[in-house]
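Asker: Given next are the chains, with one letter for each unit.
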Amino acid sequence: MRVMLADTEQAPARSMWGPGVKRKLEQDQDGEEEDGGGERPPPPRVPGFSSRASYALQRQMVLNISLVKLYRPPAGRADPGLQRRILISNVIRRIHDDLRREGGVRALFLAAPPPGIAELDEEKDGCYLGPPPPPPASQASSFGPTGPETCLTPASLLEEDPPPFFTLPPSPSFSSSSSPHPLPPQSPPQHLHPSQPVDFSSAPPSPPPEDSFSSALEEIEELDSSSSSSDSSAPPPLVPLPTSSPPGEPLAGAPGPGWDRDMEVEAERREEMEEEEQEEEEEEEERELMEYRPTSPPRSTALARRPVVPSGGFLTDFAMDDVLFTDIDTSMYDLGPCGPQAAGAGPGAGAGPTKVAADDMLVRAISGYGGGAGGHQGQPFRMDLAELDHIMEVLVGS
Amino acid sequence: SMCVCVCVCVCVCVCVCVCVCVCVCVCVCVCVCVCVCVCVCVCVCVCVCVSADIISTVEFNHSGELLATGDRGGRVVIFQQEVENKSVPEYRSEYNVYSTFQSHEPEFDYLKSLEIEEKINKIRWLPQKNASQFLLSTNDKTIKLWKISERDKRPEGYNLKEEDGRYINPGNVTSLRVPVFRPMDLMVEASPRRVFSNAHTYHINSISVNSDHETYLSADDLRVNLWNLEINDRSFNIVDIKPANMEDLTEIITAAEFHPHHCHTLVYSSSKGSIRLCDMRASALCDQHTKLFEEPEDPSNRSFFSEIISSISDVKFSHSGRYLMTRDYLTVKIWDLNMETRPIETYQVHEYLRNKMCSLYENDCLFDKFECCWNGNDSVVMTGSYNNFFRMFDRAQRRDATLEASREHNLPLQLLKPRRVCTGGGGGGGCSKRKKDEISVDSLDFNKKILHTAWHPNDNIIAVATINNLYIFQDKVSDPDSADDLSASDMMCTI
Chain V
23 MRVMLADTEQ APARSMWGPG VKRKLEQDQD GEEEDGGGER PPPPRVPGFS
73 SRASYALQRQ MVLNISLVKL YRPPAGRADP GLQRRILISN VIRRIHDDLR
123 REGGVRALFL AAPPPGIAEL DEEKDGCYLG PPPPPPASQA SSFGPTGPET
173 CLTPASLLEE DPPPFFTLPP SPSFSSSSSP HPLPPQSPPQ HLHPSQPVDF
223 SSAPPSPPPE DSFSSALEEI EELDSSSSSS DSSAPPPLVP LPTSSPPGEP
273 LAGAPGPGWD RDMEVEAERR EEMEEEEQEE EEEEEERELM EYRPTSPPRS
323 TALARRPVVP SGGFLTDFAM DDVLFTDIDT SMYDLGPCGP QAAGAGPGAG
373 AGPTKVAADD MLVRAISGYG GGAGGHQGQP FRMDLAELDH IMEVLVGS
Chain E
946 SMCVCVCVCV CVCVCVCVCV CVCVCVCVCV CVCVCVCVCV CVCVCVCVCV
996 SADIISTVEF NHSGELLATG DRGGRVVIFQ QEVENKSVPE YRSEYNVYST
1046 FQSHEPEFDY LKSLEIEEKI NKIRWLPQKN ASQFLLSTND KTIKLWKISE
1096 RDKRPEGYNL KEEDGRYINP GNVTSLRVPV FRPMDLMVEA SPRRVFSNAH
1146 TYHINSISVN SDHETYLSAD DLRVNLWNLE INDRSFNIVD IKPANMEDLT
1196 EIITAAEFHP HHCHTLVYSS SKGSIRLCDM RASALCDQHT KLFEEPEDPS
1246 NRSFFSEIIS SISDVKFSHS GRYLMTRDYL TVKIWDLNME TRPIETYQVH
1296 EYLRNKMCSL YENDCLFDKF ECCWNGNDSV VMTGSYNNFF RMFDRAQRRD
1346 ATLEASREHN LPLQLLKPRR VCTGGGGGGG CSKRKKDEIS VDSLDFNKKI
1396 LHTAWHPNDN IIAVATINNL YIFQDKVSDP DSADDLSASD MMCTI
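These protein sequences, in sequence, are chains V and E.
Numbers given in our numbering equal positions in the first sequence, counted from 1, plus 22.
Numbers given in our numbering equal positions in the second sequence, counted from 1, plus 945.
Treat the hints as calculated values from the structure; they're not laboratory data.
Each residue gets a CB set at the ideal place from its N, CA and C atoms; glycine is no exception.
Among the hints, a few may not be true.
[To be verified] Derived EDC-like pairs: lysine to aspartate or glutamate, alpha-carbon spacing no greater than 20 Å straight-line:
id, chain 1, residue 1, chain 2, residue 2
1, E, LYS1314, E, ASP1273
2, E, LYS1217, E, ASP1273
3, E, LYS1092, E, ASP1178
4, E, LYS1217, V, ASP119
5, E, LYS1217, V, GLU409
6, E, LYS1217, E, GLU1239
[To be verified] Examples of chain E residues toward chain V, derived with CB under 10 Å:
id, residue
7, GLU1062
8, THR1199
9, SER1219
10, PHE1250
11, GLU1252
12, ASP1339
13, ARG1340
Take these sequences, add in the hints, and give me the full structure.
Answerer: In structure tokens form, the structure reads like this:
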């Protein structure tokens, strides 16, 4: 028996939990994706869902819900508790494993269990220092089975350990050892910013999401033209922005107390590995989150412990369907054996209406990741990653 | 009694205003909240009224005469059974308020910038040794031992003190007399005898008194500690599942309990659906379990939420000590301590929710922690569900019943009617409209949940806590000589 969404559509008006999440089944994709399903284990049977696309969509939705849950405090004034975070993290981990098993370009970015587990260690004093150890060998070895998909990835990626962190931002515990900050938007801005000193004891108000998004676009452009400097301003809390800053660039700018160079480099790697798609969605989510989070003043960790949340219908006000589904460029979900080629062919066609024109650029950049066939756009990336890996080795080894 | 609700208003503009609602409770059991909000600011306010009366734990004492409830506001309310005319076959016992006290206060952990909730997570009674009653109550971080004692006499006739307490000048005393005890109105006093604090980094989820009546355990998400009831500044850690690297943490402790007869045996359950039985004689640190109770996952039921719904929310030994009951999200399982491979019985509590798991995950209902309980002779088990339903499973007769705890549907002293949840596929829910006792899955109210239930140790009296109210049901004894088995239709409602 599967997670079913059909009920929400048929629920009578007096259903007890609001409108729920709308499901948009994209019928035109079924045929496309059925072909690629031969090599993988058959998708679990979903009553009411016969196509693989629905399963993928559903999985994505669960992933999104989980990410929102992980970073948003539940209703209530006290610490949400370890159990909840562990369970949600495990769900995310499970979905990652699922995606990795299926292979494809996406799988490579979903390298590791969700972050923020370090912040669960409430007994560590001080900041989380040093890079987290690379995930156990099982993760590295899991890249083996994706052999058939090697055409999708730069060879350098395959050899190295994947970065231990997933796309999600440095957890707030980078500045404090306590449980996650209840208001993620106030988490310290991206430490990588070379020119803006960052102060974490009193994190500045998070920047307007529009800025970060537009700066993301700028970065994509830079990526394309392989310019060197990163211009990332503080990102939205859910997803750090991609940056093309080569690892060797001096990380000047006083990242602030409690930061470690290791972590900075780590975060760079992390950023480069992320999926822009998810970032897009989550930035939009975050924008909406910001709108619904009217308390801006308490930025410091102590005061913000008491989150002021609106009434329980938070998610229903959220219009998650607008956020989650309208703008998914599902061409990237294509899980055929030559994913990126199909994706390369299809980004323009497959992309849904996007709010930003640079979405095409994003997609092109992504297909650049899939480098082997992608050609020239992948080159600077490969070099960056190689350098980054080298630096990582040096730092970790020492 | 009055409870003060703090209503926090969030305005669209930058200011934050705080409104104070005053809720007048008619009595502790029945909470009728009349909120009068006085908003200071003019802009659009979203009020979140936090009631302090949400019941968070329910527990009978060892004789069943006393029933303790803890609420989210840190208060403990104890009810005492008043038995009217027990000689009459259809006697009715009422539970009236016996004592009320504030057990825990909200605290603030300055080191971590975290608020420590005063909500009472668990109450456990100690076996009675003298005229006073003792219970342990715990919030997330601190356990307290309370002594509840009665006073129905007071001394009168002091030589140097007046009745109102003023001191008499010794020079004015002409004759001496011996003070005597005179009866007075019964007064029940609760005083904290021990405070056991600073032993848990994570949230305490269970406490359990050992059968030796000298020690007890407290369990949080990663550790189980052993305490001596007399010593409050020292505890021994007996289970520690914290990994060296917190990144590797995927499983936590959800509940723990001592065996009712063997003072060296304890069990703890995990968030992945496994139960470990430890023997403290084996080693000082019980990280190595003696037995592992785990049922392999049913591959046909795998979903993204398999792990969450397999997380065990409550574990209870049977009174005999032979069986173990566990509650996960959808089922109640009975395990034989001698068989670790699978449970001997599995009862579906609300299987119709399996198709709703995504929505339940979204609105956090999937994280609800239901408790379960045995009846006195281990023949019936009971647990709660949504829409103020609770379920009973008669193990011997293989029957089960769904009953509702609500004022609208139950009149006092009337028999409870069993309810049914129908699932029928397709639009309309498939319920027959004519049957009033049927309700469709989509009409269930998921805000009305029964998480805490308790069963009298000797009689068929149950206490069922909805969010704000406590219901006490009693088996209608029609024939004192009849077999004492519980049938679902014989429940009478007394409040």
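Asker: CA of LYS1217(E) to CA of ASP119(V), is that 20 Å or under?
Answerer: holds, 17 Å
Asker: Return the status of the interface hint for PHE1250(E): holds when the least beta-carbon distance to chain V is below 10 Å, violated otherwise.
Answerer: This interface hint holds because 7 Å falls under the 10 Å limit.
Asker: Close enough to count: is the Cβ of GLU1062(E) nearer than 10 Å to one in chain V?
Answerer: holds, 4 Å
Asker: Can the restraint linking LYS1092(E) and ASP1178(E) be considered satisfied, given a maximum Cα separation of 20 Å?
Answerer: Cα-Cα ~19 Å, so holds.
Asker: Between the alpha carbons of LYS1314(E) and ASP1273(E), is the straight-line distance 20 Å or under?
Answerer: Answer holds: LYS1314(E) to ASP1273(E) is near 8 Å, not above 20 Å.
Asker: Any CB of chain V closer than 10 Å to the CB of THR1199(E)?
Answerer: Hint holds; THR1199(E) Cβ to chain V Cβ min 7 Å, cut 10 Å.
Asker: LYS1217(E) and GLU1239(E): Cα distance at most 20 Å?
Answerer: holds, 9 Å
Asker: Are ASP1339(E) and chain V close enough, Cβ to Cβ, to be under 10 Å, as the hint says?
Answerer: With Cβ-Cβ at 27 Å, over 10 Å, it is violated.
Asker: Against the 20 Å threshold, does the CA-CA distance of LYS1217(E) and ASP1273(E) hold or violate the hint?
Answerer: Holds: LYS1217(E) and ASP1273(E) sit about 10 Å apart, inside 20 Å.
Asker: Is LYS1217(E) close enough to GLU409(V), meaning Cα to Cα at most 20 Å?
Answerer: violated, 41 Å
Asker: Restraint: ARG1340(E) near chain V, CB-CB cut 10 Å. Satisfied or not?
Answerer: violated, 26 Å
Asker: Does GLU1252(E) hold up as a contact with chain V if the rule is Cβ-Cβ below 10 Å?
Answerer: holds, 5 Å
Hints 5, 9, 12 and 13, counting from the list given before, are not met by this structure.
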